[in-house]
Amino acid sequence: MNFLNLKKLSLLIALGLLSLPAHAGWLDLNMPKGVTDISNEVYGLHMLILYICIVIGVLVFGAMFWSILKHRKSRGVTPATFHESTKLEFLWTIVPFAILIGMAVPATKTLIKMYDTSDAEIHIKITGYQWLWQYEYLNTDVSFYSKLSTPYKEIYNQKEKNINYLQEVDRKLVLPINKKIRFLLTSNDVLHAWWVPDLALKKDAIPGFINEMAVVIKEPGVYRGRCAELCGRHHGFMPIVIEAVEQDQYDQWLANGGKVESTDLASTEK
Amino acid sequence: MSTVVKDTHHDEHPSGIMRWLTTTNHKDIGSLYLWFALIMFFIGGLMALVIRSELFQPGLQFVDPQFFNSMTTMHALVMIFGVVMPAFTGLANWMIPIMIGGPDMALPRMNNYSFWIMPFAFSMLLSTLFMDGGAPAGGWTLYPPLSLQTGDAFPFLIFAIHFMGLSSIMGAINIVATILNMRAPGMTLMKMPLFVWTWLITAFLLIAVMPVLAGGVTMLLTDKFFGTSFFNAAGGGDPVMFQHIFWFFGHPEVYILILPSFGVVSAIIPTFARKPLFGYSSMVYATASIAFLSFIVWAHHMFTVGMPLAGEVFFMLATMLIAVPTGVKVFNWVTTMWRGAMTFETPMLFAIGFIVMFTIGGFSGLMLAITPADFQYHDTYFVVAHFHYVLVPGSIFAIMAAVYFWLPKWTGNMYPETLGKVHFWLSTFFVNLTFFPMHFVGLAGMPRRIPDYSLQFADYNMIASFGAFGFGFAQLIFVYLIVKTIRGGEKATDEVWEGAEGLEWTLSSPPPYHSFNTPPVIK
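Which chain is which? The protein sequence lines are U and D, in order. The letter at position 231 of the first sequence is residue 231 when you use this note's numbering, and the numbering goes up by one with no holes. The letter at position 232 of the second sequence is residue 1232 when you use this note's numbering, and the numbering goes up by one with no holes.
For the record, the hints were derived by calculation from the structure and aren't laboratory data. A hint or two may mislead.
Stated by the list, open to error - Capping the alpha-carbon separation at 27 Å, the derived lysine-lysine pairs in DSS-like fashion look like this: (1) Lys1421/D / Lys73/U; (2) Lys109/U / Lys180/U; (3) Lys1191/D / Lys87/U; (4) Lys1491/D / Lys70/U; (5) Lys73/U / Lys1224/D.
The following block holds chain U by itself, in its conformation from the complex (with noise of 0.2 Å):
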């Protein structure tokens, strides 16, 4: 009886802790690959540079814990009196160092990628706000705001949360898929930053100041981001929203300056 109880219990357990990742928060706990061939080479780095780390961390705390189990007074051992070898100092200067190099090559020429900013076909101009974003598409008459969506009922726990809850807008920025876009990013106002993860893409915008980067999306889809410095009391608000559509739905949706909202032909919800 008791027995039975008992594996009841687990049971219960167990599906409590199943039912526990209703929104898959648990499994999201690294970076985004990314949906451009920039975003998956930055994960590379990400993860290459954290499994040398993983590494040399099980070898030094390796060391460290074999010493704590071994070497402690309570199992009679005598203390050795070294103090010094210039040998394994040398040698624990110059490993690393070469560790670094090995590091910092990969990481230069993908840097020199990210910088690449020319021959753009599209060009987009990012204005941040207290606290909304506005998207110019240049040489062309579509301009818009977009701004956080998430009804305030939502926010202050009136009403069930949303399952983008705090990362929809009003107006997506709609982006054509396989085509170089350069951003010209600056803000009317305070610092902030712009974000998507998915694109690998962040940078400050900056009053009285133009920085620019440049992205081609691979797959169609809606990519999620946010500010990313701080700028007041709504910083936490003003979420970023592209859809990234094929080339002849982004034509039409041009065409029609911009004004048909969220074409919704987005396969995947990122």
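Place chain D on chain U using the hints.
This is chain D only, laid out in the frame that chain U set:
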């Protein structure tokens, strides 16, 4: 000349509050600094708990977003300038004269001033919480133009920072003067304990960069009130310039917050391993290299401002270089432990905890140095996790290790060992519960300094909030333990620890009010 008469005369001091207000004794002033830091630790900690309460669940529950921003800003200012810096200055005051065999600090009157400026500076800073427009909410980095939107609090913030800077510079000058002039005969520079060495280098960093901060914030002040345009693009200024000035101060500042802990750990590990420190001279050179590098890496805090490619590459490479001397230190500590005869009293536990968790913070620091990856990490909870790993189980653990290590010397009483160990294990468990999940939410895309977040970040934020409350309550044990030890307990011997080396252990426990009036003989 009768030294006995002289001593009695000097041992007389006013009693009650006047003793503390007028004291020029390095031990009294050291205690004042340490108590001040402890009080501020709880004030800053309460602010952290406001932050973690609001972030316990998605949605706005407890505070207005503006007040939330004030909390993150004030928490940082209090913890950096009010806890870690004064705590290390307190340790320096207590220990440096004793460790080098000197009678007191070189400039005792200035020592008194440099402490008593602090309560005024922090009264001014904390009073902004009650002002029109609220406390500063633009982040502790004070980036304009946002920081210029601060209300009545603004001039109070700036002058509070000026006073803190003044106090730090005076303290630093005193430490340099003491170390260079007050050493006992035979105490050559390369015989000094590493705590003294690391503080000597820290003090030079302070003297170099605090005036830079003072200049930067003064320009903010004139931009706000006197119509200048140092950082106002519309008037020909440059908002990014402030960031360069700030981080030219700010990066050496983060080493100011960590170098003395290297000294503490380098004192504790050999004591409990009963084996001399491995690579003493390479430790000194590594500290000096880190200090030098700290001046040429500042812009790694600003990879996303749009610097030219060459700038980004330079600051990435320079930053990665820091891993070399820092690695040397960690390897030296582990090798000191290797084939020792270790025991694990509370100071040793905190020191080992420091090495492990500081190294984890070092690893994430190395990751942050990789510029392309930093574009993804920058201004996210990954950064929050990184600097809390180096500051909480880093600097704060080192300060706690130092307190447990020297408290028997200061008070003459042993602290309750079991309770100390409980304090260590609870702190370690909760500090990891708080900060480790922040790596995950940061990588998954959660920016820092936000009062509310989208649903995918909910689970790990809840865990972090649990951890923060656990860590906060665990620190009450620390206070209980300090008060209990001061009031009494098992008497400590002069040597206190079996493997202890150094001049402080040749004095009685507690040491006399004035020690080393005649210099000790150095072997």
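Decide if the proposed pair is consistent with the structure: Lys1421/D and Lys73/U, CA atoms, cutoff 27 Å inclusive. holds (18 Å)
Check whether the Cα positions of Lys1191/D and Lys87/U lie no farther apart than 27 Å. holds (23 Å)
Taken at face value, is the distance from the CA of Lys70/U to the CA of Lys1491/D at most 27 Å? Given pair Lys1491/D, Lys70/U is violated - Cα atoms ~31 Å apart, limit 27 Å.
Quick one, are Lys109/U and Lys180/U close enough, alpha carbons at most 27 Å? holds (19 Å)
Under the criterion that the straight-line Cα-Cα distance not exceed 27 Å, is the pair Lys73/U, Lys1224/D satisfied? violated (62 Å)
Checked against the numbered hints above, the structure breaks hints 4, 5 and satisfies the rest.
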